[in-house]
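Position chain B relative to chain A; hints supplied.
Now for the letters of each chain:
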Amino acid sequence: MENVTFIESENLLTNEITEHAIIDRGNGEFTSMPKSEYDRRQAEQSTPIVINEAKTK
Amino acid sequence: MATSPNYGWLEPDNTDLVKNGALSIRTLGNAIDTTMATMTPKSTYTAKGSIAAATAASTPANLSVGNNGETLVADSSTSTGLSYQANWAAGKNKIINGDYRINQRGFSSVTANDTYTFDRWRTLSGGTVTYAFTPQTFTPGTAPVAGYEGSTFLQCAISAATSSYIGISQRIEDVRTFANQSIVVSFWAKAASGTPSVDVVVNQDFGSGGSGSVNTIGTKQAISTSWTRYSFKITVPSISGKTIGTSSFTNVYLLFSDAIIGSGVGDQTGTFQIWGFQAEAGSVATAFQTATGTLQGELSACQRYYQRFTNIGTGDYNQNGIAYSGTKALIPLKLTTSMRSAVTAIDYSSLRLFDYVNAALLITNLIINTATSDSSVVCVEATVASGLTQYRTYVILGNTLPSYLGLSAEL
Numbered sequence: 001m002e003n004v005t006f007i008e009s010e011n012l013l014t015n016e017i018t019e020h021a022i023i024d025r026g027n028g029e030f031t032s033m034p035k036s037e038y039d040r041r042q043a044e045q046s047t048p049i050v051i052n053e054a055k056t057k
Numbered sequence: 058m059a060t061s062p063n064y065g066w067l068e069p070d071n072t073d074l075v076k077n078g079a080l081s082i083r084t085l086g087n088a089i090d091t092t093m094a095t096m097t098p099k100s101t102y103t104a105k106g107s108i109a110a111a112t113a114a115s116t117p118a119n120l121s122v123g124n125n126g127e128t129l130v131a132d133s134s135t136s137t138g139l140s141y142q143a144n145w146a147a148g149k150n151k152i153i154n155g156d157y158r159i160n161q162r163g164f165s166s167v168t169a170n171d172t173y174t175f176d177r178w179r180t181l182s183g184g185t186v187t188y189a190f191t192p193q194t195f196t197p198g199t200a201p202v203a204g205y206e207g208s209t210f211l212q213c214a215i216s217a218a219t220s221s222y223i224g225i226s227q228r229i230e231d232v233r234t235f236a237n238q239s240i241v242v243s244f245w246a247k248a249a250s251g252t253p254s255v256d257v258v259v260n261q262d263f264g265s266g267g268s269g270s271v272n273t274i275g276t277k278q279a280i281s282t283s284w285t286r287y288s289f290k291i292t293v294p295s296i297s298g299k300t301i302g303t304s305s306f307t308n309v310y311l312l313f314s315d316a317i318i319g320s321g322v323g324d325q326t327g328t329f330q331i332w333g334f335q336a337e338a339g340s341v342a343t344a345f346q347t348a349t350g351t352l353q354g355e356l357s358a359c360q361r362y363y364q365r366f367t368n369i370g371t372g373d374y375n376q377n378g379i380a381y382s383g384t385k386a387l388i389p390l391k392l393t394t395s396m397r398s399a400v401t402a403i404d405y406s407s408l409r410l411f412d413y414v415n416a417a418l419l420i421t422n423l424i425i426n427t428a429t430s431d432s433s434v435v436c437v438e439a440t441v442a443s444g445l446t447q448y449r450t451y452v453i454l455g456n457t458l459p460s461y462l463g464l465s466a467e468l
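Protein sequence lines, in the order shown, are assigned to chains A and B.
Heads up: the first sequence begins at 1 in our numbering, then just goes up one per residue.
Heads up: the second sequence begins at 58 in our numbering, then just goes up one per residue.
No lab work stands behind these hints: they were computed from the structure.
Among the hints, erroneous ones may be present.
Said to hold, decoys possible - Quick look at which bits of chain A chain B covers, simulated, 3 or more residues with Cβ under 8 angstroms:
1. 11-21
2. 26-39
Claimed, not checked - Chain B stretches covered by chain A per the calculated footprint, using a threshold of three residues with CB under 8 angstroms from any CB of chain A:
3. 399-405
4. 420-428
Here a beta-carbon is modelled for each residue, glycine too, at the ideal position from N, C-alpha and C.
Okay, chain A solo, but in the shape it has when bound (with noise of 0.2 angstroms):
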């Protein structure tokens, strides 16, 4: 079962505050990557294939 968090992390340098997410794959493994990335990903996985009309053979 698989478990996500968020975390904030601060760039010493600059200050900024970046969001992570950290999924916690419920048998000791994770894995993270900054929340934009999530996000890109959770949208990918919403539409995983494009069926387009065009159809070459």
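Then chain B, alone, in the frame of chain A:
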């Protein structure tokens, strides 16, 4: 005396006497005979594709055409000094890890969509489905192609599929790849039973901010229960008039079940086995070769997109940084090779920070420090519950296995 226009054979003049005709005819005939003796007889060409070679001076011989995709090379061991041989050139195959030898993630079973299996190969599924992709090992000597001893193949076992699609895909960097070209996608496949169909789809994805993606669907083919090579000819559309965004790619899908995308394969269950995947420009499948042609080259090609650091024990990863507070440390990583882009995600398991004096501290969070990372430099920020000493150097240390740190710049 007159002569023929091409070979200069002697011919009688128009005004010569008829009584000399026999001699003129014999002279002309002998000249023709002499010329014809120097020519290759039509019977040399025995079939479509035959060419004339020579077994010795003035000794023509037929050379039969080779197999599809073979090239003609000099070969002194044959009677004609020529032979057709398979084209093993590296670089023609745009698929990386087509022989499934590289498995940095150590994948053992994948049952979910959009998940990496062997390096560069990700699953693709939708609808009501139950399946498992697993790595399988060839018994030595049983790989399907002579001259290339495969070690590992990919298996997809589908137990349920309703209004579904299930496949495996590889995203080839840059949508310009294969644009406006005829290509051949080939692989060896076998089914556990029956004669299920498979199909190949080429998806042109123009990246973030680019034009909408375009699918080109091949013609489905039924596969048998013995290892057989199948090839799909596909004309990839031009990208003229399209807008190319960032991180574009040409995606090659192999579908094992499909009632959604339009291949005509339909919902299918069963077990499919695949090996030796190749995508190349041209009209025939040439001999299989990996993208780079070498083991190290193939590993490096994979590591452009994903590289994993691991440790067989609980030793250090030779990656060290400095604590900047009691709970956080910044660690610049030494990359194996430059990556496609700045790292977009990291995966990790069971890691600690260690100063070689005090007890190692379990890393609870590990994130990319985006401000100091690009395609050749990656810096991660590690968080522990407490106990770091500010400005002290720490190394990443393994904990209980599996312990790893993976960096992804996958498309």
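To see whether the hints hold, each was checked on the structure:
Closer than 8 angstroms: that is the beta-carbon criterion, and the stretch 11-21 of chain A has 7 residues meeting it against chain B, so the requirement of 3 holds. Figure legend: the stretch 26-39 of chain A, annotated as covered by chain B; annotation consistent (8 residues with Cβ-Cβ distances under 8 angstroms, at least 3 required). Here the stretch 399-405 of chain B counts 5 residues with a CB under 8 angstroms from a CB of chain A, which clears the bar of 3, and the coverage holds. Here's how the stretch 420-428 of chain B fares: 7 of its residues keep a CB closer than 8 angstroms to some CB of chain A, so the rule of at least three is met and the hint holds.
Going down the numbered hints, you'll see the structure goes against none, and every one checks out.
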